[in-house]
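If you read the protein sequences in the order shown, they are chains A and B. In case it helps, our numbering puts the first sequence at residues 1 to 164. In case it helps, our numbering puts the second sequence at residues 1 to 230.
None of these hints come from the bench; they were simulated from the model. Here a beta-carbon is modelled for each residue, glycine too, at the ideal position from N, C-alpha and C. One or more of the hints may lead you astray.
[As the list claims (entries may be wrong)] Restricting the straight-line Cα-Cα distance to at most 20 Å, the calculated cross-link-like pairs of lysine to aspartate or glutamate (EDC-like) are:
(1) 30(B) / 14(A)
(2) 29(A) / 116(A)
(3) 17(A) / 90(B)
(4) 119(A) / 106(A)
(5) 67(A) / 48(B)
(6) 30(B) / 20(A)
(7) 73(A) / 40(A)
(8) 29(A) / 112(A)
(9) 27(A) / 48(B)
(10) 30(B) / 113(A)
(11) 29(A) / 54(B)
(12) 74(A) / 64(A)
(13) 17(A) / 71(B)
(14) 27(A) / 116(A)
(15) 127(A) / 106(A)
(16) 27(A) / 54(B)
(17) 67(A) / 155(B)
(18) 80(B) / 97(B)
(19) 189(B) / 200(B)
(20) 67(A) / 14(A)
(21) 16(A) / 155(B)
(22) 98(A) / 141(A)
(23) 30(B) / 106(A)
[To be verified] Negatives, chain A to chain B, calculated, CB over 10 Å:
(24) 22
(25) 25
(26) 44
(27) 61
(28) 87
(29) 90
(30) 94
(31) 100
(32) 136
(33) 145
(34) 154
(35) 158
[Said to hold, decoys possible] So the derived label-pair ranges between C-beta atoms look like this:
(36) 154(A) / 33(B): 31 to 39 Å
(37) 28(A) / 72(B): 23 to 31 Å
(38) 121(B) / 127(A): 32 to 40 Å
(39) 8(A) / 26(B): 47 to 55 Å
(40) 80(B) / 133(A): 32 to 40 Å
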Amino acid sequence: MDKTESIHLLMVDDEKKFLDTITERLKLKFFEITSATNGEDAIKAAEKGGFDVAVVDLQMPGIDGIKLLEILKKNHQYLEVLILSGHATVSTAVECTKMGAFKVLEKPCPFDDLVEAIKDAYERRLKRKFERDQARMQKLEALAMGQSPLGILKEMAKMEDEGK
Amino acid sequence: MNANDTINYINAEGLQFFGRVNASISHELKNILAIISETSGFLNDLTDLARQGEPLNLSLLGNCNQSIAEEIQRGFTTIKKMNRFAHSVDVPVTEIDLMDTLSLTAQLAGFLSTTSTVRINADRKGVGRILTSPFLLQNLIYRILCLASETAGPDGEISILVSSDTDSGDLMRIHSPVPGTWNAFPTPKIEEAARILGIEMSLTDDPEQLQLKIPYVSNQIVALAKVLQL
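Isolated chain A, as found in the complex (with noise of 0.2 Å):
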């Protein structure tokens, strides 16, 4: 990877000496990355846009993993949202995949890992998007057959109100 084609990541943890190492590392790899300490603190970020993948630990003072992940699923459809605890169980695991995080790793859990799966998790954003993109061109092409040009407007902007 390069410093073209960085990742955008947004990591939240509230142990501050491990979030500020893990930081210093992933940017050794050209992610580019914004911490956050806590949870109401990464909802203001991801709020500002701009993220790809999201690294979140469970166990957190005030919002805690679980709602984070809940939050950040509704609020960013395509933000794809890695946890990484020292709390997790089987039953936390299932939990999480069921509301969408992509997955879920063990603290300590090998760097290597980590990167791997952050560089899996962008992956699978941008296929999501593309997908996305493909079906509303299909969907703007077939409008555009019969339809004026401010039918197709009024359609792309019911569209966009969709998120579709």
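Following the hints, complete the assembly by docking chain B onto the known chain A.
Just chain B now, with coordinates in the frame of chain A:
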């Protein structure tokens, strides 16, 4: 509840409590290992960069070394607490120092990310030894701190003042600045543990303060010790 029921209750409750505390300790240890692992990995990354001709940042190296040393110390401290907690089941009924037990229990509760900060102060002239079930007393205090933290939150502060203003026991006053902290008090499990230990609990005129009267010796504890043939 007869003697056998009491013992069964302590065992069942104790197992659950033991599991909960150990899970929180293992979480703490995993966090420590994760920091050491990432810091060590970062040192490797810096070494690789140096091999490729990048200048070595000595201050960064120093920070990494210091961080590893701090985390190893944190790990030792955590394991010491775990060890003390594990040994609290060695003797079912024995004499304890309340401040020691209280301090350890607050530290154990602190491993949960949801727990408020706990400040402990003692206002006592002498050190009273309390004959009790150390494990069940820890369980009771832990449950009370968790209950208070549910309302006070992780940013809140719970203060505990221990005094020995009576001849028969110690008084523990647990105060939270957040209104409504004790709305759910007492839960059935807190009530049951206090009953077995012979501890009187009450809310004081200050609605945010809970008071525990902990006897040096209670009839309930003597009866429990007899049942356990100590």
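Hint-by-hint comparison with the structure:
1. Restraint check: the Cα-Cα separation between residue 30(B) and residue 14(A) comes to about 14 Å, which is no more than 20 Å; the hinted pair holds.
2. Between residue 29(A) and residue 116(A) the CA atoms are separated by roughly 11 Å; this keeps the pair inside 20 Å, and the hint holds.
3. A distance of roughly 36 Å separates the Cα atoms of residue 17(A) and residue 90(B); the hinted pair therefore is violated under the 20 Å criterion.
4. Proximity of residue 119(A) to residue 106(A) is assessed by CA-CA distance (about 17 Å); at most 20 Å being required, the pair is judged to hold.
5. Of the pairs offered as hints, the one joining residue 67(A) and residue 48(B) is violated, with about 39 Å between alpha carbons and a cut-off of 20 Å exceeded.
6. Restraint check for residue 30(B) and residue 20(A): the C-alpha separation of about 17 Å stays at or below 20 Å, so the hint holds.
7. Of the pairs offered as hints, the one joining residue 73(A) and residue 40(A) holds, with about 15 Å between alpha carbons and a cut-off of 20 Å not exceeded.
8. As the CA atoms of residue 29(A) and residue 112(A) are separated by approximately 11 Å, the hinted pair is consistent with the 20 Å bound.
9. Restraint check for residue 27(A) and residue 48(B): satisfied, since their Cα atoms lie roughly 15 Å apart, inside the 20 Å limit.
10. Straight-line distance between C-alpha atoms of residue 30(B) and residue 113(A) comes to about 17 Å, which keeps the hinted pair within the 20 Å bound.
11. With a CA separation close to 15 Å, the supplied pair residue 29(A) and residue 54(B) stays within the 20 Å bound.
12. Of the supplied pair hints, the one linking residue 74(A) and residue 64(A) holds, its CA atoms being roughly 15 Å apart against a limit of 20 Å.
13. In summary, the hint linking residue 17(A) to residue 71(B) is supported, as the alpha carbons are separated by about 10 Å, within the 20 Å threshold.
14. This hinted pair checks out: residue 27(A) and residue 116(A) have alpha carbons roughly 15 Å apart, not beyond 20 Å.
15. For the given pair, residue 127(A) sits about 26 Å from residue 106(A) by alpha-carbon distance, which is inconsistent with the 20 Å threshold.
16. Taking the CA atoms of residue 27(A) and residue 54(B), the gap is about 16 Å. The hint holds against a cut of 20 Å.
17. Among the hinted pairs, residue 67(A) with residue 155(B) is consistent with the structure: their alpha-carbon atoms are about 18 Å apart, no more than 20 Å.
18. Taken as a hint, the residue 80(B) and residue 97(B) pair is honoured in the structure, with Cα atoms around 18 Å apart against an allowance of 20 Å.
19. This hinted pair checks out: residue 189(B) and residue 200(B) have alpha carbons roughly 14 Å apart, not beyond 20 Å.
20. A threshold of 20 Å between alpha carbons decides the hint, and for residue 67(A) with residue 14(A) the separation of about 15 Å falls inside it, so the pair holds.
21. With a C-alpha separation of about 16 Å, the suggested pair residue 16(A) and residue 155(B) falls inside the 20 Å cut-off, and the hint holds.
22. Simply put, residue 98(A) and residue 141(A) have alpha-carbon atoms about 35 Å apart, too far for the 20 Å limit, and the pair is violated.
23. Restraint check for residue 30(B) and residue 106(A): the C-alpha separation of about 9 Å stays at or below 20 Å, so the hint holds.
24. A cut-off of 10 Å between C-beta atoms contradicts the statement that residue 22(A) is not in contact with chain B; the least separation is 5 Å.
25. With a least CB separation of 5 Å from chain B, residue 25(A) falls inside the 10 Å interface cut-off, contrary to its annotation.
26. Interface exclusion of residue 44(A) from chain B stands, the closest Cβ pair being 17 Å apart, more than 10 Å.
27. Once the 10 Å rule is applied to beta carbons, residue 61(A) is inconsistent with being away from chain B; the minimum gap is 3 Å.
28. Non-interface call for residue 87(A) relative to chain B: violated, since the shortest CB-CB distance, roughly 5 Å, does not exceed 10 Å.
29. Every Cβ of chain B is farther than 10 Å from the Cβ of residue 90(A); the closest lies at roughly 13 Å, confirming the non-interface assignment.
30. The non-interface label for residue 94(A) is consistent with chain B: the shortest C-beta to C-beta separation is roughly 18 Å, beyond 10 Å.
31. Listed as outside the interface, residue 100(A) is consistent with that label: its C-beta sits roughly 23 Å from the nearest C-beta of chain B, beyond the 10 Å cut-off.
32. Residue-level check passed: residue 136(A) sits 41 Å from the nearest beta carbon of chain B, beyond 10 Å.
33. Distance check on residue 145(A): its Cβ is at least 56 Å (rounded) from any Cβ of chain B, clearing the 10 Å threshold; non-interface status holds.
34. For residue 154(A), the non-interface assignment is confirmed: its Cβ lies about 48 Å from the closest Cβ of chain B, beyond the 10 Å cut-off.
35. Non-interface status of residue 158(A) relative to chain B is upheld: no Cβ of that chain comes within 10 Å, the nearest being about 43 Å off.
36. At about 57 Å, the CB distance of residue 154(A) to residue 33(B) disagrees with the hint of 31 to 39 Å.
37. Checked against the given bound of 23 to 31 Å, the beta carbons of residue 28(A) and residue 72(B), roughly 24 Å apart, stay inside it.
38. For residue 121(B) and residue 127(A), the hinted distance range of 32 to 40 Å is not satisfied, since their beta carbons lie about 59 Å from each other.
39. Roughly 33 Å separates the CB atoms of residue 8(A) and residue 26(B), a value that falls outside the hinted 47 to 55 Å.
40. Separated by about 57 Å at the C-beta atoms, residue 80(B) and residue 133(A) break the suggested range of 32 to 40 Å.
Of the numbered hints stated above, those contradicted by the structure are hints 3, 5, 15, 22, 24, 25, 27, 28, 36, 38, 39, 40, listed in ascending order.
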